Structures are given as C-alpha cells and as structure tokens.
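First to last, the sequence lines map onto chains S and X.
When you number the first sequence by the numbering used here, it's gap-free, plus one each residue, and the end is 1627.
When you number the second sequence by the numbering used here, it's gap-free, plus one each residue, and the end is 1627.
A portion of the hints provided could be inaccurate.
In this list, chains with the same sequence are indistinguishable; a pair is considered to hold if it fits within one copy or across any two.
Unchecked claim - Straight-line C-alpha distance at most 20 Å; calculated SDA-like pairs for lysine to any residue:
hint : residue 1 : residue 2
1    : K1171     : S1113
2    : K1404     : S1127
3    : K1233     : K1246
4    : K1607     : T1110
5    : K1284     : L1267
6    : K1284     : E1270
7    : K1550     : R1194
8    : K1608     : G1131
9    : K1340     : W1105
10   : K1409     : E1207
For the record, the hints were derived by calculation from the structure and aren't laboratory data.
All values reported here derive from a predicted model rather than from experimental measurement.
There are 2 protein chains.
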Amino acid sequence: MANWNNLDTLKSYDALKKVAKVDLVSAMTGAAGAERVKKYSVGMAAGMSFNYAAKEVDDNVLAALEELAKEAELTDKYAALYNGEVINTGEKRMVLHQLTRGQLGEDVVADGVNKREFYVKEQKRIADFANKVHSGEIANAKGEKFTTVVQIGIGGSDLGPRAMYLALENWAKRTGNFKMEAKFISNVDPDDASAVLASIDVAHSIFILVSKSGTTLETLTNESFVIDALKKAGLDSSKHMIAVTSETSPLAKSDNYLEAFFMDDYIGGRYSSTSGVGGAVLSLAFGPDVFAQFLEGAAEEDKLATNKNLLENPAMLDALIGVYERNVLGYGSTAVLPYSQGLSRFPAHLQQLDMESNGKSVNRFGEPIDYVTGPVIFGEPGTNGQHSFYQLLHQGTDIIPLQFIGFKNSQLQNDVNIQDSTSQQKLCANVAAQIVAFACGKKDENLNKNFKGGRPSSIIIGDELNPKSLGALLAHFENKVMFQGFVWNINSFDQEGVQLGKVLAKKVLAHETDGALAEYSKLLNI
Amino acid sequence: MANWNNLDTLKSYDALKKVAKVDLVSAMTGAAGAERVKKYSVGMAAGMSFNYAAKEVDDNVLAALEELAKEAELTDKYAALYNGEVINTGEKRMVLHQLTRGQLGEDVVADGVNKREFYVKEQKRIADFANKVHSGEIANAKGEKFTTVVQIGIGGSDLGPRAMYLALENWAKRTGNFKMEAKFISNVDPDDASAVLASIDVAHSIFILVSKSGTTLETLTNESFVIDALKKAGLDSSKHMIAVTSETSPLAKSDNYLEAFFMDDYIGGRYSSTSGVGGAVLSLAFGPDVFAQFLEGAAEEDKLATNKNLLENPAMLDALIGVYERNVLGYGSTAVLPYSQGLSRFPAHLQQLDMESNGKSVNRFGEPIDYVTGPVIFGEPGTNGQHSFYQLLHQGTDIIPLQFIGFKNSQLQNDVNIQDSTSQQKLCANVAAQIVAFACGKKDENLNKNFKGGRPSSIIIGDELNPKSLGALLAHFENKVMFQGFVWNINSFDQEGVQLGKVLAKKVLAHETDGALAEYSKLLNI
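Next up, chain S with everything else stripped away, as it sits in the complex (with noise of 0.2 Å):
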C-alpha cells in the first residue's frame, strides 16, 4: 500500500526548495544551450518526444525531482490506480480510464464484471454499430445512408470528442478515412442547439446522447430541442438517436434510442474521451479502426508512465517540473501553445482536464492544506497567439511556464512556397524562434524593446497529428495532471465545486430564493 501525505510533509520537497535555482538565459545561451536541447529530451509513444530542456531545471533540480518521485512513491500510486484501489476517494470509487485502452496491471473486477473485457465489449459492439450505419444497413427510414453524427453532451462529454474530433478531422480527409461530419450540441442557450440543428440535415443526422447519470439538465435539455426538430420534420426520433450512458441509468433502457452503448463510475467525464463518450463519435466520423489507432497510442504512452526512472517517464518528469515551478517557483498559470491548426481546441480540453481535476484545496482525506495547487491552463493555436496575448508572455511582469506542441509534417499536406520555405515550415521555424527567445531573451538598451528572456517552457514534437500520435498526447497530459494530483495528495478525480452552483440554479427556477440571488434573478427577468 502507497503511503499518502502532503507534500509539504515531504523531506524531499524541503530538499528541492534548496536546491539552487537554474538561469536560463546562461543555461541556454552558447554551446551549452546545444547541448541541453540534446540531453534534456525523452521519448514518447508514436515516435514523440518530450523536450523540456528550456525548463529551469539542470541535473541538480532533477535529481531532487527524481528524490520527490520517489518519496511521494509515484509510479507505486499509479500501479495501485491501475490495480483498481478505490483512488477516487470522495465518491469511493476506482480511477479505470486506462483500462479503456490497455490492462497494465491485475484483472479489475467490479459487481461480478471484469472491467477490461466490459469496455473492449463496448467498444466491439460500437464498432460493429458504425460500421452498419457506414454500410447502410443501419439507415434512416427512407433507407438513405446517415451522413452526419451530432454529439448532445456537456464538460467531458464535449471538449475532449470535440477536440479530438477537430484534431484528426483533416488527418481523416486527406487519408481516406472521413466517414461522417460531425457536430456537437453543448450549451443550455438556446441558441447552440437552434444554430447547429439549422445547419444540417436532420433526416440523415444520427443523434448521440451522451449523459453518464441520464440526469445532465443541459443534455437533456438539447435533446428535447433535437426531438422537437426531428419530429417537426415528420421523423421518428427513436430511429436517430443513440445514448452512451451507465446500465444503471434512465437512459439505458429506453425505446427512445436506436442503442444504447455504456460506460460507468470508474471513468471520469473528463477522462472519458478513450471510452464509448468518444468513441461513438470517433467512430462513427472516422470508422472504428481510426479508433482503435487512438486507443493503441494512449496506451502506450500510458505503459511509458509505469517507468520508475523519472527521466525515462515522460509524464511524470512533466508533471514534477510543473509542481516545481507551481510551489517553489511561484508561477500561477500555465500555457498551452500547439503549433497546429488541428490543436485549435485541445487547449480547451487540457483546460478541463487540468484545473478540474486539481483545482482543490482539501487533501483526499478532505483535510486542508498550505499549498497551491493546479495552475491556471490557457492557450491557442500558435501563430495565432504569437498575434494576440504573446506580449503578455515575453514582456509581462508575471513568468508562465509554456507548454509548446509540434509536428514536422502537416496533415493535408497541401503547401505553398513563398520566399523559399513553405508554411509548414514557416510554422515550425516560428516555434523553435519562440522557444529560445523566451528563454534567452535579448538586451537591449531601449527598455521597450528588452526582453528579460527566463520565461521556462518545454515542447513535445511529433512527425503528424494523426491517431496515434493524438491518443499518446492526451494520454500524457491524462497521467501528467493524475501524478500532480499525487503529489499534492488530492483527489484528482472528484469535482464537488461544480454541485452549489447546480443547487443554486434550481432555486433560481424553482423562485425559491431571497436576499442578493433575489436580486440578480430579476435583473435577469427569470
């Protein structure tokens, strides 16, 4: 059994505070700076690798980084998720995402069902269900081929299919795997589900409703505002719609559904883009084999994270850089630049995955602790950013650690060459340029025009977006935020700061409120 204790109970972490601090300008500068992009580098699932050499760590810092792996005993923490131990300790309940794509360890078993198999089942009868609606045998009632999939979900039924779905939308069109254009309804106004239903073709749309309790206020919601429009158009919604939800749920069963596909407890809604809450959707745009090639890189970049060497560990080395910048640093934010248009939306997701998951302040024994915890995440698409808020970060007064992704190649692959380099290129040069101009800096007497340099920041670099290589992205950042919850010793698997607002809300409709709610719900004529 691992031992849990704060951090600030740690001898290593009182070592690491210690430990003196790294000038990145000097570290970066020079024949040394060379050989640091070199050294400071390990490798990831699908041919990526993890650069963190513009981090403000040296061999001293790491070392006291390995020291904090080890007493916080890590790797021990995650074989015992992966084991099934109730790691999820608010709700009581196993942490089994990875089981979604790979078993690591023991044979999980809960209510009698081996977990693994339940979800490879899920994941063949989804497979199986795509490819009849691809073939046309499932079709719509005039026996017309389905050609649009929309996705009604909230949080984690959302952000992570969507950007997933964005990520490999041109991969899949330039390879010949685009199956079906999908679209997702998310938000309570109206005017979400109102603009999407007008812009597409509901007799060949099929419907996934995506709610793990069946209980989602927004989902359901939405999906009044789909049957509405599928029955104004004289069609049978129970023809066009599917749910992924729990057994256990009012959805499970229903005869609204064409089929119902399941889930359960142990998985997160924002850790659940590698079960069927992605994997309808994936599948159903991109056929179940694009699928599967996601599932097989997240997995082995989840096998990468049992490495008990931290410099062989790639999440976990991301992880503690990050703890080290957030508590002995100072630094509040962090943020997330990939340098593909295809990553427009994977900001949003980490957005959730992370500061959901680590945005607390009670251990998980639910005592208080003194320390801060998950950092702000933020970002966009570079060059876009380089345009927008990249002033902030060269010349602020406050440092924010940067998260920079990159691929050699781009997806579609069409290019043009202007001044002697293509825009892939273009793309590239501008990252590597960020990257060194932000550590390194340059004087200048001007002080307008100085840059400070010492801004840390690290880069995993691919050869292309496609399946694969995404599956191990979103597995690295999955284990990432899970070893920083370790080693701040909470949960990172609950979300008890979403339940006020959802009490409140119902006061507001129900009129049952007094005092400054009272107030502001007739300012806003409910």
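Fit chain X to the given chain S structure using the hints.
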C-alpha cells in the same frame, strides 16, 4: 497637459492599500447583499448595465478608487487621447480608434487630413462596395453574386472581426440581415488555409486581405494559398480579392485587388474592429446598416467613459476594480465568462486586447516599474465552462476574479420548455446562481464539499446581443484596458514583445542559427 506618473508614486494608491478589505461572504449574504445588488450598478449604452455588487468593494474602497482616478487624471488622459495627443509613446503615434465611431473632442488632423472625415469616408466606400456586392453589381466573371466572404488576416485582423461576426451571425439570421457567410484564414499552418478553401465555393467567394503594413508574413503566405486555389479553378484572382491596408502599404495601389480600403497607423490591430478591418467583413456579411449600428453602440459607450464621476463611468470603474484586484489583492488572472453562445470567441478577442495592451514591464517612458501590470485573461462561454474549469474557480487555491456577461433574451428566439422553464431561463438562472455561489460559498463539515466563497465577480447584463450592444461591449473593454494602462503608466498601444520571435524565425528559415536554436531547428526538420 496630464501628469504621467507611476502608480506607486501616487498618494491615493498608498491610501487605497490601507482601506479595510471587504469580507465578500458577509457583504453579499442576506438583506445587505440584496441592497448591494441594487446599489452597485451603473448604466451602459444599449440599455446594458455593469453590476459590481459581488466585487470586493464597499463605499470606502470606491471612495479610494475615486481618489486614484482623480490623482491619475484618468479622464484627462482619455481626453488627451481622443484629442490627438501622441499617447502611443513607443511608436510615437496618436491613438484614434475611437474616431472610427464618433468625435468626442476636437478635430484631429494628421498629414493634412481630418482623421474623422477620413474614417467616415472609408466607411462609406466600404458601404458602397458592400451594397454593390449584395445587389450583384459587383459579381464574379460569370455575373453571379458572391455568397461568401473570407477574411485573410492574423491577430487583430482576425480575432476581433471573427468574434464580432460570430456574435452577430445568429441575430442576423433571425432578423433578415444575413447577407453572406464569412470565413477566416489566419494561421500560417497550411492546414488552416487548405481546410477553409476546401469548405467553400471559391467561384462565389470574395477574399479580404487585411494587413496594415502589407508585409505580415502569415497573411501574405495565406494570400498565395488563395491565389493558387483561384487559379486552379480558372479564376482571375484580382476579381475576387480586396485589401484593407494603410495607404502607404504595397497593397494600396496594386492591380491585384478589386478595391483597397484604408486604415492608418493610429489604429492598433487589436483596436481595429470598428475600422475597415472589421468594417469590410461585417458590412459584407450583414450589410452596412448593421455595421453602423455596431459603431453607434461603441460611440455611446465611448461617451460614457468621459464621465469624471467614477460611479457613473462603467469602463473606468471596471478598470479600477481590476487594478485593485491585481495590485492590492494580488490576483494574477481574470476569467471572462459570457453566458451567450454568440460570444464564444469574445474571450479570445479580449485575451489579445488586454494581454497585448497591458502585458508590459516598463512605463510609457521606457523606465522599469516595480508593480505588476496586465493579468492573464481566459474564458469560455457558460454554461460550458461550469462543466469544465469552474471547479478550480470555486475550490482552487488561488482566487480568480470573474467577469460575467449575460442577456435576458436569446438571439434566435427559438426555445423549448422543460421542467417549467425555457433554456434561456435556465441559462440566466445559472449565471445568477454562479455569482452568489462564488461570492457567498456554503459551509459544509465535509471540507471536500465546503465552499469558502469570497470569490469576486461582476456582470454586464443586457436585453439581447445585437449590433448595438455588441459595439457597446467592445468599447467598454477597450476603454477598460486603456484606463488600466493609464493607471499603470504604461503604453497600452505598442507590442514590442512580439518582435524578437519574428527576427529569430527569419534566422531559422535562412539557416543562420547556432546553439540551442540550431538544435531545435534540427528536431523540427527545418
């Protein structure tokens, strides 16, 4: 002439730091909270209001902020700006974006031209052009009407216009003002241009090349993509493209464009949505009358910002509360949370507007400063955000000030009634509930379910998101950022922090690198 002094030299700033802090939980609970909601509100243009009841202010803090506004001479500095003083000290330029929508002060003449007349003339030229496109007088080679407009630009030529287009698209569809679909190409990633071009009918598309200098690398590269696509379709690109640029740029008098519309050096990219940069695409998409209403809303809001009384000046009040949160209370970031799907990209625009303007470490005279300036800005629409990063906002270890925006009515006015309320009512109930949940919290013996509260927010409430209210919103935030820059004594109108990356990227492409940069270039296959 106004006196420009660093914030930490002002007596009123010292006094502000000494004012007793507000306990937001007790202030917002019970009848006192209800009183605050009624009292701490100020009118904005287009019937909107800015409500700051849930901010950590009381009459004492507000009095101290009023003193700060006076000592920093904020409205005098605003007057200096709109009367044509050289406020952009770094680039030695006037700052005239307000003149694109109204004349608040004296005539401003530059290069022998009355600038208000110049901007109005360009608006009229754009309106004439848009009307001719809509009527079919300007058409493609076959005499067919253009149906799609594609903006090619990056940074301020993309984020603002894109956010404004998305904000009005549904409103325009409902009200019969939707003339042409708009698309945007921004990133140098070749997948961006390729995907947009594959999604449109180029034969019926008109492209707007937007670059003030006419030399923006990303934009010129993407122009080549478009010219290639037009050529491949057997079309004359010069009959499908217009330019928005400065009169001195290489694009200004080129035969490559059907027409060129002009802006000038006195309008920064991030402040250019009300100039031709936003004007061309919005006038083509929705018609010149809609664009005129948008300008009208902005002009009214600009006028409100001239009020010397802090409590009657929403932008100045918002700005000063933000400075108090940043410099006295020590909060490092601010979340922008519009409860409106139409404002889905408004936070991304504000992220540029704010972080590029005020992410500075030297004052307007190029001297170092010893206090923090612009915060990190991020956000997503509610209720989506509630199911994502709100966990950290409610229970994380850092306090993040929040900026809510809500409207009583939806844009498409298509709704469903579920459990006795419409989606729009649910949306509004949620934002009301969140404000009170953040401010007041809720005690629970189980600390994992405990909400400390004390998390400050403001809300802007309007009847509907339409051209006028959108213009007012935009101007509110532009003016807020401007006032904060004045308080911090920085130049909010240059962006020297983006230069170093550009210089280094050119070196990479010319293979003139050594050290770390050469190694990163190798890793990225450049």
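**Request:** Please name the hints from earlier in the document that this structure breaks, with their numbers sorted from lowest to highest.
**Result:** The structure conflicts with hints 2, 4 and 9, although it agrees with all the remaining ones.
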